[in-house]
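Colleague: Read off the chains here:
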Amino acid sequence: MKRITAYSLRAVLYFILIAPLLLFAAYAFSTRWFFPQPFPVEWTTITFLRAINDSRTLSSMAQGIWIAILVSVLSLMLALPAARVQGLREFRGRQLAWLLLFLPTIIPPLAIGMGLNILFLRIGLAGTIAGVVLAHIIPTLPYTIFTLSSAFARFDENYEFQALALGASPWQIFLKVTLRMMTPSLVVATLFAFLISWSQYLLTLLIGGGQIITLPILLFSAASGGNPSTIATLSLLFVAPPVMVIAFTARSLSQHDNEIREQY
Amino acid sequence: MKRIAFLLVVLTMLLSACAPSVATPAQPAATNPPVATDAPLVAGEFDINNWDIVLAAAKGQTVNWYIWGGSDSINAFVDNFYGKALKERYGITLNRVPIADTADAVNQVLSEKQAGKEIGAVDMIWINGENFFTLKQASLLYPDWAQKLPNSKYVNWGNPAINLDFGHPVDSMESPWSSAQFQFVYDSARIKADELPHSYADLKTWACAHPGRFTYIAPGPGGFLGTRFVKGALYEISGGAEQWQKFDQAAWDKWSPELWKYLNELKPCLWRNGETYAKDEAELKNLFANNEVDFSMTNDITGAGTGIAAGLLPATSRAFVFDKYMIGDFNYVAIPLNAPNKAAALVLANLLLEPEFQAAQILPENGFGLGYAIDVTLVTDSAALSALQSASTKLGDSATPASDLAKSLVGDTAAEYQNLVEQDWVTNVLQAK
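From first to last, the protein sequence lines stand for chains A and B. Those letters in the first sequence? Residues 640 to 903, per the working numbering, in order. Those letters in the second sequence? Residues 167 to 599, per the working numbering, in order.
If you are wondering where the hints come from, they were derived from the structure by calculation, not from laboratory data. Don't take each hint at face value.
To spell it out: a stretch of chain A is covered by chain B in this simulated footprint if at least three of its residues, at any positions, have a beta carbon under 8 Å from a beta carbon of chain B; those stretches are [as the list claims (entries may be wrong)]:
#1 665–679
#2 759–771
#3 827–833
#4 850–860
The beta-carbon is built from N, C-alpha and C at its ideal position, and this holds for glycine as well.
Build the full structure now, drawing on both the sequences and the hints.
Modeller: And the structure:
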């Protein structure tokens with residue numbers, strides 16, 4: 640009985656996850672699908688192939704992925720020390736520091752973006768990948784810091800002291816003890832950073848000024864035109880990398896989970 | 167400490183690795199032949215009166231054209247026709263920058279101005295009406311070029327519909343690309359042609375005889391077809407289009423209550439009792455295609471043709487107009503004052519007026535669907551002339567007959583009415599009890 644419940648729960652979850660994708664696929668590969676037809680009557684690959692063969696679609700995806708990777712790396716590098724201090728230390732002004740670090744989630748991105756755009760135009764960062772990457776770090780940082788700091792709150796520094804006592808260099812300690820123990824949280828934080836950067840529309844548009852084209856820019860522009868086939872095609876391309884990244888990290892996460900369990 | 171230094175090094179490396187990939191293309195001095203003018207030309211400068219020099223300066227440039235990107239078929243038309251021709255004939259690369267709203271490009275130029283940026287990102291914008299007016303007022307447009315293009319000889323600059331954009335003088339700061347006229351779309355499989363309304367008064371009778379089967383687009387930014395629909399009603403109610411070409415607050419105060427009265431009488435007969443409206447052309451098209459309402463609206467000279475070809479409308483869709491007051495206008499391209507590649511933008515603006523491309527842009531299968539910007543009677547080359555004339559006979563059943571369009575054509579109002587119509591509609595119709 641318990642098993643049946645588990646299986647049906649699983650089936651419902653899968654359905655919730657997969658149904659929207661199926662609907663996207665039905666729209667992407669059909670045309671003139673009007674009410675009251677329950678299913679598409681004219682199937683076609685023209686829209687999909689046109690999007691795939693458009694060099695702009697592919698270059699926008701490549702650019703978006705490249706930006707998301709850079710953002711993830713930079714965001715982790717900035718978040719790791721901040722999260723360590725916030726997670727492990729008690730000090731005056733810690734709450735204030737939390738507030739400052741979380742401010743970007745409260746302030747609307749439009750306000751940040753407009754101001755940043757003027758600043759970046761002055762210093763020559765507007766319209767460049769570097770500028771867009773820096774801008775994307777703003778909304779990603781709170782999530783990476785929060786994920787890592789909660790892991791650091793459970794982190795036992797004595798492992799590092801032990802390695803030190805056994806003669807490990809600071810680098811060895813960092814690579815073989817700290818990073819290894821933090822791996823699951825690092826993966827989750829990277830995932831957050833990647834997804835947030837990948838789906839940024841407003842900041843990319845404002846800072847990129849049309850020079851930096853990522854998939855969300857094409858998607859919003861297509862959505863304003865209302866052609867369901869094109870929107871569905873671009874949406875499928877849009878969800879593909881995140882789904883792959885999640886599938887990949889879920890695997891590595893569950894493996895690490897086992898390793899950690901073995902340690903204790 | 168060491169770790170911080172390491173981090174800094176890595177950071178710098180990463181940032182420099184992704185340094186500006188889209189640097190402003192420098193205009194190579196080598197491609198600029200020496201010219202005998204009074205003022206010696208600096209590298210990258212050109213003299214617009216000497217077209218050969220413009221072409222030479224444009225060679226190798228990339229023109230960043232900010233253009234509404236919502237229509238696949240228009241995007242493909244721009245890439246396949248202009249993009250290819252620019253590359254093959256002039257050695258210019260077209261970078262089509264798709265934007266969701268022309269105001270995004272205007273804001274970009276305004277921000278650059280605020281930041282004091284001498285060299286911007288935008289080379290050309292597809293523009294008209296308030297967006298043009300905004301940039302013109304801020305003196306952010308490259309002046310005095312449109313009438314100097316070689317192909318400007320095909321443009322009838324004496325026509326007030328061309329030399330005035332929403333009532334504001336164009337002043338050679340933008341060059342026309344195409345023309346458009348407001349029309350309705352119906353499905354000939356659902357409604358017979360002789361049942362169609364012929365005026366706004368007729369429309370109200372029809373709508374109330376078929377409750378819930380008509381709606382219009384909410385006037386406002388993005389809903390310019392809806393604004394146009396409401397302005398047409400204003401013309402009919404006030405009995406003429408002429409008086410609205412110049413802004414007159416008294417006329418507005420006199421006639422607008424009548425306009426709101428008409429629209430509020432129409433309201434209970436509308437789709438969802440007029441509690442909500444289609445927000446843009448795409449949504450109305452969608453409602454129409456999915457048989458929720460019986461009429462859509464379009465600006466295309468091809469009528470329903472482009473929508474049918476793109477798979478957005480049923481194949482039996484047809485366009486029609488009322489007997490009077492169908493607003494038509496021209497749309498343009500403008501070059502910002504701080505455009506980095508002005509020469510290439512000029513070449514592109516000129517290419518848009520080339521008769522062969524004008525003939526191509528009205529054919530439904532090419533996906534653009536808007537009308538001529540040039541005056542066919544000014545074209546002297548007989549091959550080009552026959553191409554233009556034969557193209558206009560190939561619009562098919564889904565387009566409104568040219569004679570109907572011409573008979574009902576009126577100009578748009580002065581630009582000042584745009585905001586008045588859009589804002590007052592919200593308070594007087596949308597929010598009215």
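Colleague: Each hint should be assessed against the structure and marked as holding or not.
Modeller: Hint check results:
| no. | hint | in the structure |
| --- | --- | --- |
| 1 | 665–679 | holds (count 5) |
| 2 | 759–771 | holds (count 8) |
| 3 | 827–833 | violated (count 0) |
| 4 | 850–860 | holds (count 7) |
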